[in-house]
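Engineer: For chain A, the structure is supplied; the task is to place chain B on it using the hints.
Number of protein chains: 2
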Amino acid sequence: MDTGRERRSWGGSGRAAEAALKPPFSFVVEAACHSARAGRLRTPHGEVPTPCFMPVGTKATVKAVAPRTLAEVGARVVLANTYHLFFRPGTKIVAAHGGLHRFMGWDGPILTDSGGFQVFSLAETRKVDDEGVEFTSVYDGSRHVFTPELVMGIQEALGADVVMCLDECAPATVGRERVAAAVERTSRWAGTCRAAQTRSDQLLVGIVQGGVDADLRRRSAAALLALDFPAYAIGGLSVGERGGDMLRVVEQMDGLLPRDRFRYFMGIGDPLGILDVVERGVDLFDCVLPTRLARTGTAFTANGRLNLRNARFAEDLHPLDADCDGHCCRHTRAYLRHLVNQKEILALVLLSEHNLRFLIRLCATARRAIVDGRYHDWAAGVRARFAQLDER
Amino acid sequence: MDTGRERRSWGGSGRAAEAALKPPFSFVVEAACHSARAGRLRTPHGEVPTPCFMPVGTKATVKAVAPRTLAEVGARVVLANTYHLFFRPGTKIVAAHGGLHRFMGWDGPILTDSGGFQVFSLAETRKVDDEGVEFTSVYDGSRHVFTPELVMGIQEALGADVVMCLDECAPATVGRERVAAAVERTSRWAGTCRAAQTRSDQLLVGIVQGGVDADLRRRSAAALLALDFPAYAIGGLSVGERGGDMLRVVEQMDGLLPRDRFRYFMGIGDPLGILDVVERGVDLFDCVLPTRLARTGTAFTANGRLNLRNARFAEDLHPLDADCDGHCCRHTRAYLRHLVNQKEILALVLLSEHNLRFLIRLCATARRAIVDGRYHDWAAGVRARFAQLDER
Numbered sequence: 001m002d003t004g005r006e007r008r009s010w011g012g013s014g015r016a017a018e019a020a021l022k023p024p025f026s027f028v029v030e031a032a033c034h035s036a037r038a039g040r041l042r043t044p045h046g047e048v049p050t051p052c053f054m055p056v057g058t059k060a061t062v063k064a065v066a067p068r069t070l071a072e073v074g075a076r077v078v079l080a081n082t083y084h085l086f087f088r089p090g091t092k093i094v095a096a097h098g099g100l101h102r103f104m105g106w107d108g109p110i111l112t113d114s115g116g117f118q119v120f121s122l123a124e125t126r127k128v129d130d131e132g133v134e135f136t137s138v139y140d141g142s143r144h145v146f147t148p149e150l151v152m153g154i155q156e157a158l159g160a161d162v163v164m165c166l167d168e169c170a171p172a173t174v175g176r177e178r179v180a181a182a183v184e185r186t187s188r189w190a191g192t193c194r195a196a197q198t199r200s201d202q203l204l205v206g207i208v209q210g211g212v213d214a215d216l217r218r219r220s221a222a223a224l225l226a227l228d229f230p231a232y233a234i235g236g237l238s239v240g241e242r243g244g245d246m247l248r249v250v251e252q253m254d255g256l257l258p259r260d261r262f263r264y265f266m267g268i269g270d271p272l273g274i275l276d277v278v279e280r281g282v283d284l285f286d287c288v289l290p291t292r293l294a295r296t297g298t299a300f301t302a303n304g305r306l307n308l309r310n311a312r313f314a315e316d317l318h319p320l321d322a323d324c325d326g327h328c329c330r331h332t333r334a335y336l337r338h339l340v341n342q343k344e345i346l347a348l349v350l351l352s353e354h355n356l357r358f359l360i361r362l363c364a365t366a367r368r369a370i371v372d373g374r375y376h377d378w379a380a381g382v383r384a385r386f387a388q389l390d391e392r
Numbered sequence: 001m002d003t004g005r006e007r008r009s010w011g012g013s014g015r016a017a018e019a020a021l022k023p024p025f026s027f028v029v030e031a032a033c034h035s036a037r038a039g040r041l042r043t044p045h046g047e048v049p050t051p052c053f054m055p056v057g058t059k060a061t062v063k064a065v066a067p068r069t070l071a072e073v074g075a076r077v078v079l080a081n082t083y084h085l086f087f088r089p090g091t092k093i094v095a096a097h098g099g100l101h102r103f104m105g106w107d108g109p110i111l112t113d114s115g116g117f118q119v120f121s122l123a124e125t126r127k128v129d130d131e132g133v134e135f136t137s138v139y140d141g142s143r144h145v146f147t148p149e150l151v152m153g154i155q156e157a158l159g160a161d162v163v164m165c166l167d168e169c170a171p172a173t174v175g176r177e178r179v180a181a182a183v184e185r186t187s188r189w190a191g192t193c194r195a196a197q198t199r200s201d202q203l204l205v206g207i208v209q210g211g212v213d214a215d216l217r218r219r220s221a222a223a224l225l226a227l228d229f230p231a232y233a234i235g236g237l238s239v240g241e242r243g244g245d246m247l248r249v250v251e252q253m254d255g256l257l258p259r260d261r262f263r264y265f266m267g268i269g270d271p272l273g274i275l276d277v278v279e280r281g282v283d284l285f286d287c288v289l290p291t292r293l294a295r296t297g298t299a300f301t302a303n304g305r306l307n308l309r310n311a312r313f314a315e316d317l318h319p320l321d322a323d324c325d326g327h328c329c330r331h332t333r334a335y336l337r338h339l340v341n342q343k344e345i346l347a348l349v350l351l352s353e354h355n356l357r358f359l360i361r362l363c364a365t366a367r368r369a370i371v372d373g374r375y376h377d378w379a380a381g382v383r384a385r386f387a388q389l390d391e392r
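Chains A and B, in that order, are what the protein sequence lines are. Just so we're aligned: 294 in my numbering is position 294 of the first sequence, and the numbers increase by one with no gaps anywhere. Just so we're aligned: 114 in my numbering is position 114 of the second sequence, and the numbers increase by one with no gaps anywhere.
Chain A with its partners taken away, still in its complex shape:
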């Protein structure tokens, strides 16, 4: 790490950055520490200070976490899944509520994905061509076609603040040719999505694909940049590639993507991974990991992950994480272990909100470290401490 590099100042470019997005949206990089950025996204439903972890509310609910609890743990933006909502409960009923905010009872910012990732990861068989992708619903086995136009229409009906282009997410394991074809198609679909957008109160994000191939990533970024998206996502990572490859791509993106737009890394939720991508200029990220781990009895702590099924916690009177200010950490590990052990729903409830609170606090602290120009030192300290007990 070249810690001798000069700290970038973004004070002067704030206005220019703000101009890059059309009202009611804006994004300003308020401070930077090397590549790491402290930004602020404004949406019709509120502000999002970045770096920011986005809890995943797949079916219009963050699993086991009530909307008011989301606010309590400090969530600023929530992701919901177009694919799942399209099938259950269906777009129509969400639209009848006036959109997702009212439907799920969350009046902060919402982002919907395009459903692309689910189509390509959940369906056993699918047929993709330039028009769209035909696939089988996981709900009832019926056949459906997602086109860029349809996906934009669904997302406009769902009414999130931030919406995503339909992309083809090629698995890390396929050959270069198929990744190249996916990049080509993702670029074409991005144009179609851009043209299909009719709502001015939704910010449309372009998704860079290209696997771990630097040349394809460059090609994908160039095609999207030509469409001048107000923000860019880094897709097709965290899907089985090596960690080093992933970070290399993120670094490359940091060099290619415009500094005045926010960057969204799709699908990262482990604390150390978050530190790595924030260090490389990522502003926004999401993952089911914190709530999914909670449902297995696993909790993030400043000293690493703890698995509360472990019998060694049976008589442990310490709080789950002495550093944490959340409600869960007012309880002892012995009590939480008892709940996990007895399969009590409250275990899932408390650990889900705790793991979210942990990541949200991590991001808030990261932001302060960036503003103070000491991100690398701070992150090194977090990494060292996290390794102490980690039970992965």
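Some hints could be false.
Chain copies aren't distinguished; within one or between two, either way the pair holds.
Claimed, not checked - Computed cross-link-like contacts, DSS-like style, restricted to lysine-lysine with a CA-CA straight-line distance of at most 27 Å:
(1) 343 with 92
(2) 92 with 63
(3) 22 with 343
(4) 22 with 127
(5) 63 with 343
(6) 63 with 22
(7) 343 with 127
(8) 63 with 127
Derived by calculation from the structure, the hints in this document are not laboratory data. As the structure is a prediction and not an experimental result, all values here were calculated from the model.
Structural biologist: Only chain B this time, still in chain A's reference frame:
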């Protein structure tokens, strides 16, 4: 209903009633409307205005409801199960926390049952004699003996504010002779429990048994009254007897139990049943029903129970219960139905807190009606409205 009867005034007997319990406890009947009473119980962990529904926290958690949510829905006292806590996590670890309040993170009043009901209802085989009852643990099949002394020791270690005598709860279906033997044993054990009590900061409740036999009930009450308990519970009901029989026993108890002690009906949680026992002088009651129903997708509303699995709610944009002030009722029935349908944990969370809120509001409104001397009219209105949609 003899609505012409004079409304009883309890203003003058408040001081005398207060003197019946030793500090730090007191119980005052502040108003009465025929047999229905508006009281106030004081405990080391706070006051309990009565009539009061007590949520059940079997294993030191009200299922799916966090302690702060319990406070939010207005719970004033919570019940925990001696039987379950004795086995999991064990008395020792609860005691190491300084007791249940700290262990479960609830600093309001707590009542523990004696475990008697579980011993007699859960165990497939058991052997009871005057010393105690031998039974098989549902957790691991091991054999155990609960004696009155042991049960008092467990409850003293758990540290609840209100504790219960070990009783023998004879099923409604057995013959008079077995019920008579259970009454005899319950009386004997009550004396042993009274003598075994060492903590002065726990209020010990005697339990009247006797099935639906008026003579045995009288005998049971007389034996307990001779021991001068600070409060009395009506046990052995809601176990399969006919509703008319149940209410007859409660009426009989109203005539036999001292008016200056609170009366606890063990195990009633359906709204109309609560109205019936409150009308007959009961102050406190508990049941798993509201949280258990919630886990099946069923909600109490002012117009009766609704089963949210029902497809007719799929497009219902109304709140669950327009009269309710709880968080759950900020959501539409369509959203809640979607959560239930998709087996989302949030459905259990929201419906559990809603059903508790419903019963707690019902009791608070009942209390106001008693104070205002219009309990019967009010209850008749609630009953009529509740019958409108009820989906039992």
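Engineer: Work down the list of hints and note, for each, if the structure agrees.
Structural biologist: Hints, one by one, checked against the model:
no.: 1; hint: 343 with 92; verdict: between (36 Å within a copy, 21 Å between copies)
no.: 2; hint: 92 with 63; verdict: within (22 Å within a copy, 34 Å between copies)
no.: 3; hint: 22 with 343; verdict: neither (49 Å within a copy, 40 Å between copies)
no.: 4; hint: 22 with 127; verdict: neither (36 Å within a copy, 78 Å between copies)
no.: 5; hint: 63 with 343; verdict: both (16 Å within a copy, 10 Å between copies)
no.: 6; hint: 63 with 22; verdict: neither (33 Å within a copy, 47 Å between copies)
no.: 7; hint: 343 with 127; verdict: neither (41 Å within a copy, 30 Å between copies)
no.: 8; hint: 63 with 127; verdict: neither (31 Å within a copy, 45 Å between copies)
Violation of the numbered hints given earlier is confined to hints 3, 4, 6, 7 and 8; the remaining hints are satisfied by the structure.
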